[in-house]
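K.L.:
The chain contents come next:
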Amino acid sequence: DVKVTQSSRYLVKRTGEKVFLECVQDMDHENMFWYRQDPGLGLRLIYFSYDVKMKEKGDIPEGYSVSREKKERFSLILESASTNQTSMYLCASNSPLGPQPQHFGDGTRLSIL
Amino acid sequence: ELKVEQNPLFLSMQEGKNYTIYCNYSTTSDRLYWYRQDPGKSLESLFVLLSNGAVKQEGRLMASLDTKARLSTLHITAAVHDLSATYFCAVDRNSGNTPLVFGKGTRLSVIA
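Protein chains in written order, with the numbering used here: chain A, 1 to 113; chain B, 114 to 225.
There may be inaccurate statements among the hints.
[As the list claims (entries may be wrong)] Calculated cross-link-like contacts (lysine-lysine; reagent style DSBU-like; alpha-carbon spacing at most 35 Å): (1) A:LYS18 to A:LYS71; (2) A:LYS57 to B:LYS169; (3) A:LYS57 to B:LYS154; (4) A:LYS57 to B:LYS116; (5) A:LYS13 to A:LYS71; (6) B:LYS154 to B:LYS130.
The set of hints was computed from the structure by calculation and includes no laboratory data.
Taking the hints into account, I'd like the entire structure generated from these sequences.
P.N.:
Put into C-alpha cells, the structure is as follows:
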C-alpha cells in the first residue's frame, strides 16, 4: 500500500512565523501535490511537482512556496504565516504512468494565532 | 477553466433507502475519480472512471460516467450507517496526468 506521511497532525504557530509542512511518500511517485481544505470550499490546489526540483503553481499559491530536493519528500512553506492560512493541509502523490488516483496523507491541521 | 459541481452538498438519508449524488463538470474530460473522507481522516480513493459509459461498483456504491453529458453519478443502494462520510468527485484538467479539480464534497449522514 502507498504510504503518504505528513510530519504533524496538528500544528499551532503564530502570525509572521515561517512554517514548514513536510510530506514523505514511499512509492517512488514522481507527482506530489499540496492542497488546503476548508469547509464549504472543498480541496484547493496550492502547488504541485512532477519531479525533483520541479514545481508548478496551483490555484492558490500566494503566501506559499514549496521545496522538492528529493523525490520522496515535498515540503510546503508558509513564508510569513497569517491567520487566513489556518486550515487543513493535505499532501498527495501519484504515478504519472496512466490514470492513477492520488494517494493522500492524513493531513495537518494548522492553526495560526 | 474547469469547474466541478456536486449536488447535493448535504444529504441526510434513512438506512435502507437509495439515493444518488451528482457530479457535473464544465469542460471535456474522460477521467473522473470518486473519493471518500471520514471525519478527521484523509481521502480514500473509491473509483476511477476512464471512459464514457464506465460503471464501477463496490458494495452498496455504484459510480458511472457520461462524458457527453459531463456527468458522473454515485448511487447508494440500501444505505447503512457505515456509509456516513463526505464524498468528493474530482476531474483531470485535461487528458494528461495533470492535477485534479475537486468538487466541494457531499456530506452524507445515514440515520436509523
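K.L.:
Each hint: holds or not?
P.N.:
Structure-based check of each hint:
1. A:LYS18 to A:LYS71: 23 Å, holds
2. A:LYS57 to B:LYS169: Given pair LYS57 of chain A, LYS169 of chain B holds - Cα atoms ~33 Å apart, limit 35 Å.
3. A:LYS57 to B:LYS154: 26 Å, holds
4. A:LYS57 to B:LYS116: 18 Å, holds
5. A:LYS13 to A:LYS71: 28 Å, holds
6. B:LYS154 to B:LYS130: Holds, at roughly 26 Å.
Hint violations for this structure: none, all hints satisfied.
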